[in-house]
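S.K.: Please model the complete structure; the sequences and the hints are all you need to start from.
Taken in order, these protein sequences are the chains called A and B.
Numbering-wise (the working numbering), the first sequence opens with residue 15 and increments by one.
Numbering-wise (the working numbering), the second sequence opens with residue 15 and increments by one.
These aren't lab readings, by the way, just hints derived from the structure by calculation.
Please note: incorrect hints may appear among the correct ones.
Heads up, the list lumps identical chains together, so a pair's fine if it works in one copy or across two of them.
[What the hints assert, rightly or not] In the EDC-like style, the derived pairs of lysine to aspartate or glutamate whose C-alpha atoms are separated by at most 20 Å in a straight line are: (1) K301 with E372; (2) K105 with E416; (3) K209 with E25; (4) K182 with D439; (5) K105 with E87; (6) K61 with E72; (7) K105 with E83; (8) K105 with E84; (9) K295 with D368.
Protein chains: 2
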Amino acid sequence: MSGEVRILLTEKEIPTHWYNIQADMPHLPRPPLHPATGQPVGPDDLKAIFPLGLIAQEVSGERWVEIPEEVREIYRLWRPSPLCRARRLEKALDTPARIYYKYEGVSPAGSHKLNTAVPQAYFNRQEGVMRLTTETGAGQWGVALSQACNFFGMSCTVYMVKVSYEQKPYRRSMMEIFGSTVYASPSDQTAAGRKILAADPGSPGSLGIAISEAVEEAAGREDTNYALGSVLNHVLLHQSVIGLEAREQMARAGHYPDVVIACCGGGSNFGGLAFPFAYDKLVRGAKVRLMAVEPSACPTLTRGEFAYDYGDVAGLTPLLSMYTLGSEFMPPGIHAGGLRYHGDSPLVSQLVHDGIVEARALDQLPTFEAAVLFARSEGTVPAPESAHAIRAAIDEALAAKEAGEARTILFNLSGHGFLDLPSYDAYLSGRLQDYPLPGEALAKSLAHLPQKK
Amino acid sequence: MSGEVRILLTEKEIPTHWYNIQADMPHLPRPPLHPATGQPVGPDDLKAIFPLGLIAQEVSGERWVEIPEEVREIYRLWRPSPLCRARRLEKALDTPARIYYKYEGVSPAGSHKLNTAVPQAYFNRQEGVMRLTTETGAGQWGVALSQACNFFGMSCTVYMVKVSYEQKPYRRSMMEIFGSTVYASPSDQTAAGRKILAADPGSPGSLGIAISEAVEEAAGREDTNYALGSVLNHVLLHQSVIGLEAREQMARAGHYPDVVIACCGGGSNFGGLAFPFAYDKLVRGAKVRLMAVEPSACPTLTRGEFAYDYGDVAGLTPLLSMYTLGSEFMPPGIHAGGLRYHGDSPLVSQLVHDGIVEARALDQLPTFEAAVLFARSEGTVPAPESAHAIRAAIDEALAAKEAGEARTILFNLSGHGFLDLPSYDAYLSGRLQDYPLPGEALAKSLAHLPQKK
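M.R.: Shown next as structure tokens:
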């Protein structure tokens with residue numbers, strides 16, 4: 015075989031600026047609305063839980079935002095991440111397509127989440143905030159923020175959905191290694207948690223409840239802010255390092271992608287890889303398809319409504335303009351925990367709405383089938399979330415074979431699956447299932463959207 | 015900070031030849047003896063379970079052994095592995111020492127074991143053997159051999175120590191993802207297993223029993239060979255890619271190590287990193303210390319006897335000339351499962367005996383303390399085995415600080431700890447302990463060495 019398997023950049027080539035797609039979108043998302051007044055949220059409303067540096071990024075129209083030197087210094091522990099040519103997978107599929115993937119599992123957290131955790135911790139510490147709270151479901155984000163706070167000498171409190179806290183002790187251990195305090199949510203640490211526990215002492219918790227607890231603690235303490243691992247504009251901004259590096263690496267490889275694929279829950283790993291290519295498409299007229307892949311059990315972009323909705327279950331967050339299944343939608347227990355979110359990034363939602371990004375929903379079983387084929391071909395066992403991108407990439411490669419065309423496919427392998435092995439166990443032993451979402455159930459959930467109340 | 019954090023090589027710089035230290039040792043290990051006859055084992059004795067290609071390597075006196083192109087092709091999935099400068103750890107220790115580590119956790123198996131699993135599978139398939147058996151304790155080796163067999167379209171049966179099979183389902187899942195069949199050992203698949211089960215149906219198993227089962231199956235089937243993950247000469251030969259790359263990377267970094275450190279159980283990750291530097295020491299007169307680090311709970315090199323002993327508990331393997339605690343020695347349940355072996359590589363043992371390699375034994379708690387400090391400084395959570403190398407490297411860095419000298423330290427981070435997080439949980443919650451080995455217990459075990467019987 016000729017050509018490199020892994021296209022590597024040097025540390026000097028870590029991007030110096032993040033790319034802000036807000037500068038180039040034909041239509042910006044409508045502004046977030048205050049849940050009480052229904053009026054656009056201003057920077058002052060956010061100051062109680064976010065630092066000014068991140069609030070400024072949230073609303074910035076600047077195309078390039080400088081990455082602070084201290085952040086780049088920490089990025090050097092694992093960035094630039096490799097771009098890999100999946101030659102063995104191509105061979106297994108007998109496809110003329112060229113399949114490339116950007117591998118974010120090399121971060122010490124094991125996923126792309128650390129790309130934004132580090133600057134979020136940094137900008138808080140810049141303003142003297144030495145303590146953060148957050149929520150986590152399966153734990154990827156909690157691990158990343160724990161590592162980032164540790165790097166800056168900050169403390170971190172993580173509200174972890176109780177059912178995950180009990181069933182996934184590995185990621186809780188990771189957070190504790192980095193010095194974080196982890197509570198099973200609902201907890202007795204907050205009024206929100208105590209209220210739930212009083213009503214239902216055996217509550218398994220939910221991401222919505224955990225958000226309420228983390229926000230309550232941050233809002234109620236002068237010394238504490240809150241951090242979110244996806245959805246918001248500044249999070250997707252930070253993740254653009256993925257796509258900026260990938261674009262440079264694809265140029266070195268001598269191929270430009272026909273299609274760029276990533277899984278999409280809150281939107282951060284999709285936006286991270288795809289937005290620099292969206293720049294090519296929007297500003298330079300590149301012909302590139304951008305595909306966000308979600309689970310058909312939680313089909314926000316493909317079957318949700320483009321509307322204002324709450325980010326959490328309790329309705330405490332601002333109303334965001336996005337595709338949503340309704341904030342009361344309870345996704346079934348698929349193993350891609352990071353994709354179990356009723357809403358989506360307003361930026362990604364707007365781009366889907368405007369036809370710039372396409373969306374696809376996939377069942378669980380075909381994603382695991384793809385993940386096992388990928389592992390057996392390339393060696394790396396992927397996270398179940400990333401398996402959605404792999405499935406879509408394989409389908410594109412098979413379509414290229416059908417068409418007899420040497421198309422170029424790029425996808426994001428957002429994390430490894432070392433902490434998700436029980437889900438493979440369940441798949442291999444036939445204990446996994448798909449969860450088709452009946453139209454009536456969806457309609458019922460969408461009937462509760464705020465503007466319909 | 016100036017200088018790179020990660021020194022990377024290109025795929026073209028993957029070594030073309032393995033380094034065979036047998037060419038340069040002042041004294042070769044005494045030959046293995048047949049357990050029945052007490053006579054030196056010849057190639058014919060090994061043909062029942064090993065391919066000729068590996069048997070030739072086992073006894074080769076050639077200094078450089080060519081790496082087959084198909085093996086290098088698979089190495090490209092993760093090699094060359096990075097050499098990292100632990101600048102943040104240096105800062106945390108406030109030491110003038112330069113600390114470098116070679117990171118083998120980037121392999122899809124998560125450890126250095128894949129370096130030898132791939133050529134072992136390759137040389138078997140070269141001779142038409144399409145089926146391998148092996149044993150595994152905690153599972154690192156079983157995972158690596160499963161991946162390697164999968165790459166070459168071979169099948170693999172793994173006898174996994176029952177207590178690990180039940181307590182560590184993650185690594186079993188990894189093996190099954192790659193298509194291996196995994197039996198809890200003792201099993202009813204072999205006469206050896208059935209015999210143990212008949213006497214003790216609740217036996218938790220041991221590495222010695224699992225070896226007996228794997229060897230029995232391989233010896234009894236024409237189509238099946240056996241593979242071992244450490245100890246033997248050809249295994250250490252294959253691992254020399256680690257040190258060959260590291261030597262080149264250290265040259266790029268502009269520093270030559272004063273001391274090279276690796277943990278040592280069967281000896282393969284130590285030999286892999288250290289032997290190319292031993293070449294410098296033996297042939298070129300370099301002044302470099304080579305340090306093998308073992309647990310004080312299983313102090314083979316530091317307190318064992320240099321003698322002939324069996325490789326397994328049942329006494330079925332050839333007698334090897336090595337440091338040993340006695341083949342009936344039962345190591346306590348430390349979390350560094352890969353270091354729980356009564357014997358050691360004959361090559362490493364001979365070099366220790368001849369004063370070319372130094373050995374050090376460490377308690378469990380200080381190694382976990384070092385591992386947590388390393389994780390908090392560098393991000394990566396290490397495997398408990400590798401934590402022994404980290405502890406020794408930190409001690410060397412503190413000694414350099416004491417002496418006010420800018421010494422250069424190189425250690426092998428042989429694997430990551432994603433699948434070992436429960437051991438960190440135990441450490442952080444105060445549930446771990448040290449296991450001092452009383453002299454009487456050791457004397458009792460050593461009294462059973464074959465030549466004393």
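S.K.: Among all the numbered hints in the text so far, which are the ones the structure does not match?
M.R.: Per hint list: single violation, 3.
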